[in-house]
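Number of protein chains: 2
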Amino acid sequence: MGMFEPDPAFLATSHELGDLALCQARLQDDVRYPWVVLIPRVEAARELEDLSREDLARLTDEILAAGRAVRALGAQVDKLNVGALGNVTPQLHVHVVGRRVGDPAWPGPVWGHSPAQPYEAEVLAMALVSARAALGL
Amino acid sequence: MGMFEPDPAFLATSHELGDLALCQARLQDDVRYPWVVLIPRVEAARELEDLSREDLARLTDEILAAGRAVRALGAQVDKLNVGALGNVTPQLHVHVVGRRVGDPAWPGPVWGHSPAQPYEAEVLAMALVSARAALGL
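Those sequence lines, one after another, are chains A and B. All residue numbers for the first sequence refer to my numbering, where the first residue is 2 and numbers rise by one. All residue numbers for the second sequence refer to my numbering, where the first residue is 2 and numbers rise by one.
Just chain A, with the same shape it has in the complex (with noise of 0.2 angstroms):
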């Protein structure tokens, strides 16, 4: 997979899961959504069609996991936002946050919204052990 560094970007907004096959899986740090982001471990890939056959359908299974993971943190999901976009940060990411009605971007998307309200450690805590329980980690 060559070279495969996340963005400093994602080091100051977010706190690592650990890797599956393909991605390196981190939970995003706001405690207001539920929220797993899911970067491909592939050296200069923007854009999923830099992305293999076999690597599509390995981030499609990812995106399920995380899916699950977004559901085990406890919150309700009434829907799940799943966005590929990175102009700001280019390096391919996938996020997937689960949404409830009401919350403080519904309905609109969560990015680009207002600042994040970072987990507090003991929550964080938790929440990491139930991320990684749900994607096997």
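Worth flagging that the hints you see were computed from the coordinates, not collected in a lab. No experiment lies behind these values; they were computed from the predicted model shown. Errors might be hidden in some of the hints.
Any copy will do: because identical chains look the same in the list, a pair fits if it lies in one copy or spans two.
Capping the alpha-carbon separation at 25 angstroms, the derived lysine to any residue pairs in SDA-like fashion look like this [claimed, not checked]: (1) K80 / E6; (2) K80 / R33; (3) K80 / F11.
Use these hints to put chain B onto chain A, whose structure you have.
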């Protein structure tokens, strides 16, 4: 595939391109962004996890094809944005949007940003031809 009907919200905001193996493809009626919407023709699907593995593989292929169609519309595309949200219209659908540095919503998401600027008839006719050709429709 059961009784598939696109939600009326799509009829008001986009133009039908045609049916791919899985999805009805539509051109979003916003001349500011080259933008294809894919709606899996699967009754009652709301989340990606509601699709079979075979349909998920088809959807992946069709997302890549929609990216090619977006590029075929002729505008500069600096980044593709792919999103399955559904907070407003929960019928499962995937947006594939070509983004340009400095476009009206850049670098934020297009969803919920500002009212669409509909195509004029002649430009629309050309866009439909280009998008259908790229999709093999």
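Evaluated hints:
1. Within a single copy, K80 and E6 get their C-alpha atoms only as close as 31 angstroms, which misses the 25 angstroms cut-off; across copies the closest is 20 angstroms, which meets it.
2. In this homomeric assembly, K80 and R33 come within 25 angstroms of each other (Cα to Cα) only inside a single copy, at 15 angstroms, whereas the closest approach across copies is 28 angstroms.
3. With identical chains, the CA atoms of K80 and F11 are at most 25 angstroms apart both within one copy (24 angstroms) and between copies (19 angstroms).
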